[in-house]
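For this one, chain A is given, so just place chain B on it according to the hints.
Just so you know, the sequences run in chain order A and B.
Per the numbering used here, residue 1 is the first one in the first sequence, and the count goes up by one each step.
Per the numbering used here, residue 1001 is the first one in the second sequence, and the count goes up by one each step.
These are computed hints drawn from the structure, not numbers from a lab.
One should not assume that every hint holds.
To be verified - Straight line, CA to CA, 25 angstroms or less: simulated DMTMM-like cross-link-like pairs of lysine to aspartate or glutamate: (1) B:LYS1109 / A:GLU287; (2) B:LYS1113 / A:GLU316; (3) B:LYS1106 / B:ASP1056.
Said to hold, decoys possible - Label pairs and their in silico Cβ distance ranges: (4) A:PHE267 / B:LYS1075: 28 to 38 angstroms; (5) A:LYS232 / B:LYS1075: 28 to 38 angstroms; (6) B:LYS1109 / A:GLY212: 51 to 61 angstroms; (7) A:GLY212 / B:GLY1060: 52 to 62 angstroms.
Unchecked claim - If you only want the chain A side, here are some residues facing chain B, beta carbon under 10 angstroms, derived: (8) SER202; (9) GLU244; (10) ALA352.
Here a beta-carbon is modelled for each residue, glycine too, at the ideal position from N, C-alpha and C.
Chain by chain, the residues:
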Amino acid sequence: MIARKKVRVWDLPTRLFHWLLVMAFVLAWVTHGESRHLDVHVISGYTFFALLIFRLVWGVVGSHYARFSEFSYTPKELFSYLRSLSGNGVKHYIGHNPAGAWAIFVLLTLGLLLAISGVIVLGGEEQQGILAGYVSFDQSAPFSALHETVAWAMVVLIVIHICGVIVESVLHRENLVGAMFRGSKWVAGSSAQIPAHQLVASVIFISVIAWGGLSLNTYLAATDEHPYQPFKGPALAMNELWNEECGACHLAFHPSLLPARSWQYLFEQQDHHFQEELMLDDETLNELLQYALNNSAEQKKTEAAWKINRAIGRDERPLRITAVSYWKDKHSTIPDITWQQESVQSKANCGACHYDAEQGTFQDAAMRIPNE
Amino acid sequence: MNKIILIIIVSVSSSLINGQVNAGGVETLQSTYLEQGAGPFSASAGETMWRKQYLDKKSGKQRSCQTCHGRDLTKAGKHVRTGKVIEPLAPSANSERLTKVKFIKKWLKRNCKWTIGRECSAQEKGNFLAYLKGL
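Bound-form chain B, shown alone:
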């Protein structure tokens, strides 16, 4: 009996710890952005920018974050150039999302350049993450 309770306690607490580690990717990044003088972060500003269309001068086409990730972030998107399926971005639909600092950094850099035509500021990146983590 005691043994079973112990197992339950250990597994519950370890999943809690895991949950914290998972959430850590966004928090760690946001605190770095704070150190760079950005903040506070606004999920609604992030959402506005997420939906905004930017004109790509070379192709003459409109681009937005939705171009690849789709309109509903709890559903899979599709890479606009290659057709490859991109798993849902919302952490509620995909628990592996926004967990790895290096990964998030790399893709924010790349996707901002591709979509907006320049790298995003610390403030903008913090806003994006504030929006995404609440999904």
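Just chain A, with the same shape it has in the complex:
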């Protein structure tokens, strides 16, 4: 029996990076696809991005076992390691074994792809973030698909990574998960001296907490008059006559919420507008129609406009925004009792939930379900 001693293998920054990355990924995963939590998704996404960049640097300047050069194995080494798993005499590595190392490199690559595509989609689809204004809705569409695919690929790989950790822990009777917390392993023979790097770790920890706190600060500062609106879009064209004529019985729905042919059709039947009469004279009607046509969904002034336009068939001209499949999808998780609430009453009462309904921008996260 060779004497074994407990030595530090993972320095503090590496461990902190690992668990913060896990948290950022989980947070971004559970908030994905839900507009009302896009702010949290974006904040955790940026954190994820920053952590990855730190890890790239740390892979060069970090302590011994954290360096990429320490665990870059050739594919041949990987396969021979994997083959050895089924037999006896699996080689024990103090740092990452070849399978773990490959998982890390692929995860880092996927992570970077995920973060970069995320920034592109944020710039294109939401016109927010550093790329706002540089990417169009249509240009960002393929990146949206990429973002989703890469995220799923990462989930699959994470599952494999976790399985690998379990297998490895059992084979070598060593708690690898614990090692990623404590940083130390029982090692026979010689190993490199690893400093803790407490200063670097403190800087990372404080930066993440400060950034999270700053981002959430706006939540706390929100009042009823100035609700929390993490994203604001460019202002849309407004028309006083439209607001007066179309804003008395209900919200003056912004023309960007339906295509031109729908507006045309709506004005054609102004005498039986959902069993109401619009009573518009020709002059008024023409001005309203002109405004509607100039700002219709086809103009793609907002994400909602772009997606509504995309969701309607060329031969369709719906009179209701609430009948468009995109609208239905977005609101499918809202239960019936919410719609029947005193303060909501109708699906078309957009302003009951959307802070920016009057401006027509319908930004992500600028909404809340009343009494929830």
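Okay, now just chain B, sitting in the frame of chain A:
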């Protein structure tokens, strides 16, 4: 000193003139109704009709002016079909109320049809306005 007095006089008188213009919406309409042979107008008859319930045959539901404007006209009401808030109708609570002839005409026509099922007569419209302007 003289200047300040002048400013006060000008601003007071202009607000008086404004007040008159504001009240003008109802007066102008009522005088048109008078020309059509209606009158004199009764606020209490207007109030009675305002509170009266009318059966809508299609929906089988009762309708009244209160259905959307609420019971207390100094408070905001709510559109019964869309849930949209309607600002208070009483001029004392909302100085912009009953100021624009075209607006009043349009809504009286529309709301009478919706609530009562027919357009209101000149007499009925004059009564409504007599009731509303005193609130």
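Going through the hints against the structure:
A distance of roughly 23 angstroms separates the Cα atoms of LYS1109 of chain B and GLU287 of chain A; the hinted pair therefore holds under the 25 angstroms criterion. Distance restraint check for LYS1113 of chain B and GLU316 of chain A: the Cα-Cα separation of roughly 32 angstroms exceeds the 25 angstroms cut-off, and the hinted pair is therefore not satisfied. Distance hint between LYS1106 of chain B and ASP1056 of chain B is fulfilled; the C-alpha atoms sit about 21 angstroms from each other, no more than 25 angstroms. At roughly 34 angstroms, the beta carbons of PHE267 of chain A and LYS1075 of chain B sit within the given window of 28 to 38 angstroms.
Look at LYS232 of chain A against LYS1075 of chain B: about 32 angstroms separates their beta carbons, and that is inside 28 to 38 angstroms. At roughly 58 angstroms, the beta carbons of LYS1109 of chain B and GLY212 of chain A sit within the given window of 51 to 61 angstroms. Restraint check, GLY212 of chain A to GLY1060 of chain B: a C-beta distance of roughly 56 angstroms satisfies the suggested window 52 to 62 angstroms. This hint is violated: SER202 of chain A has a C-beta 52 angstroms from the nearest C-beta of chain B, more than the 10 angstroms allowed.
Taking 10 angstroms as the C-beta contact cut-off toward chain B, the hint placing GLU244 of chain A at the interface holds, the least distance being around 9 angstroms. Contact between ALA352 of chain A and chain B, as hinted, is supported at the beta carbon level, the nearest pair being about 7 angstroms apart and thus within 10 angstroms.
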